[in-house]
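Visitor: So the chains spell out like this:
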Amino acid sequence: AQKVTQAQTEISVVEKEDVTLDCVYETRDTTYYLFWYKQPPSGELVFLIRRNSFDEQNEISGRYSWNFQKSTSSFNFTITASQVVDSAVYFCALNRDDKIIFGKGTRLHILP
Amino acid sequence: EAGVAQSPRYKIIEKRQSVAFWCNPISGHATLYWYQQILGQGPKLLIQFQNNGVVDDSQLPKDRFSAERLKGVDSTLKIQPAKLEDSAVYLCASSLGLAGGFNEQFFGPGTRLTVL
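Chains A and B supply the protein sequences, listed in that same order.
Residue 31 in this note's numbering sits at position 31 of the first sequence; the count goes up by one each step and never skips.
Residue 60 in this note's numbering sits at position 60 of the second sequence; the count goes up by one each step and never skips.
Just so you know, the hints here were simulated from the structure itself, not pulled from any lab data.
There are no misleading hints in this set.
Listed next, the in silico SDA-like pairs over lysine to any residue satisfying Cα-Cα at most 25 Å (straight line):
1) Lys44/B - Ser87/A
2) Lys99/A - Gly97/B
3) Lys71/B - Ile26/B
4) Lys44/B - Glu10/A
5) Lys104/A - Leu113/B
6) Lys71/B - Pro61/B
7) Lys104/A - Gln69/A
8) Lys44/B - Asp97/A
9) Lys11/B - Arg64/B
10) Lys44/B - Arg50/A
11) Lys99/A - Asn52/B
12) Lys70/A - Glu56/A
13) Lys38/A - Pro8/B
14) Lys83/B - Asp57/B
15) Lys62/B - Ile12/B
16) Lys44/B - Asp22/A
17) Lys104/A - Lys44/B
18) Lys44/B - Glu26/A
19) Lys44/B - Ser18/B
20) Lys3/A - Lys44/B
21) Lys3/A - Gly40/B
22) Lys99/A - Asp56/B
23) Lys38/A - Ser87/B
24) Lys99/A - Leu70/B
25) Lys104/A - Glu56/A
26) Lys3/A - Gly100/B
27) Lys71/B - Gly100/B
28) Lys38/A - Leu46/B
29) Lys78/B - Glu44/A
30) Lys99/A - Ser66/B
31) Lys104/A - Thr114/B
32) Lys11/B - Ser42/A
33) Lys38/A - Glu56/A
These figures come from a predicted structure and were not determined experimentally.
Using the sequences provided together with the hints, build the complete structure.
Guide: Written as structure tokens, this is what we have:
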């Protein structure tokens, strides 16, 4: 069965703090893709990153970084020096055969 | 390049009424998806079209939900009759749908349905 678990339902941090959003996935496939999406209050899903199962290199994009570890089936997302504009719901997702399975999301509050 | 368009953006109806949502995918995208996102949850796939054929509708409540994609371009999702638990955001997405490789999905802004 394919499954994505985001154990953190809601997180609040003060602006400029670092925050890590956890994601654990389950799949029996050897080829798959992992994603992170951001959903601001406006409701649109904003694509952040895609990772395929053969590429375990960590990635950094500005204040965002991602840690993919196949050994623990985790794909965690860290925001460094958080800003109020980072407040949103973040979804981790798994793609196989052109179907996306989303986690339940983590609601992130960045407090000024 | 224009993105995925959806209308209406918001809809409020009473239970047992009917409602329809419209989606216009990105030009040239063969695959179209409808997702339901209930408050506090991640989007859940309802139906997937490849051109005008259904690829997967296993999670579509067929007793009340229907969808079509005539001519393989625009799509409509209908609920008849609506129940309170249908209150959700309905997201449309599209992708190129090319065989043998990864196809990125592009999401529309969604339609927020409230059933009273």
